[in-house]
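Visitor: Sequence:
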Amino acid sequence: MRPSCRPRTFAPLFLTAALVGLLTASGAAKATTYTTFSDAASFAAAAPGLVTYGFPAGDDTLEARPYIDGPLGISTYQHFTHPYLENDGAFGSGQTYLAMVGIPGVNVVMDPQVDGMYAVAFDIGTFDGADTVSLTLNNTDYVTTFETFGVGSSTFIGVVSSDPIFRIELDAADGTQIDILDFTTVAIAAPVPEPAPAALTLAGLGFLGLMARRRKAAKTAQV
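In this note's numbering, the protein residues as written are 14 to 236.
Heads up, some of the hints might be wrong.
Pairs of lysine to aspartate or glutamate, DMTMM-like flavour, derived with a Cα cap of 25 Å [to be verified]:
1) K43 - D176
2) K43 - E182
3) K43 - D128
4) K43 - D154
5) K43 - D124
These are computed hints drawn from the structure, not numbers from a lab.
Start from the sequences and build out the full structure, keeping to the hints where you can.
Guide: Dropping the structure here:
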């Protein structure tokens with residue numbers, strides 16, 4: 014007498030659906046998040062261990078070339094006359110200033126020289142007049158727009174990112190001369206990943222193992 018045959022189609026289909034759902038849940042990419050700060054104290058509390066640099070540094074020159082100070086290198090998309098460094102002698106206690114006058118929408122690009130930089134802040138002052146400046150990170154992630162308010166004042170802007178920062182862009186809407194460009198940065202530890210994907214993975218693998226054991230037991234009983 015032949016043993017009765019049990020349908021076996023549902024278990025494999027169910028396992029496949031469970032596995033697809035598991036991979037989808039655990040492999041979903043999350044967008045980078047940015048937290049902005051308009052005052053130095055709040056930024057310092059969110060990113061301890063900061064180091065501040067005065068930038069740009071080096072000899073005064075009219076040559077448009079990259080500069081490196083600490084963990085950042087600065088350059089521009091306009092490679093002929095801007096940006097250039099010129100002796101200040103007034104606001105900024107004689108610091109050089111970065112001239113961007115006459116080029117609306119000029120992009121100043123800063124590339125971190127170190128990996129794993131999750132926080133950066135700028136104290137920006139202008140040599141001549143106010144301006145509107147936008148901050149973009151990692152090529153396409155627009156973060157915020159802020160104002161500089163003219164000679165004798167500076168504007169603080171800080172950002173903490175959930176992913177490493179590999180490019181920083183400052184866009185001056187009307188062209189400006191940045192008199193103070195001090196920046197603060199620290200390679201803080203990466204945020205701890207959320208436990209949900211790991212928990213789903215472990216639960217899913219345990220479920221698959223349980224179903225495999227049940228299927229093996231069912232085959233043994235049929236013999």
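Visitor: All hints are to be evaluated individually against the structure, with a verdict given for each.
Guide: Verification of the hints:
1. K43 - D176: It holds: about 10 Å lies between the C-alpha atoms, which stays within 25 Å.
2. K43 - E182: The given pair, whose Cα atoms are some 23 Å apart, holds under the 25 Å limit.
3. K43 - D128: holds (20 Å)
4. K43 - D154: Roughly 14 Å between the alpha carbons, so the hint for K43 and D154 holds.
5. K43 - D124: holds (23 Å)
Of the numbered hints given earlier, the model fails none.
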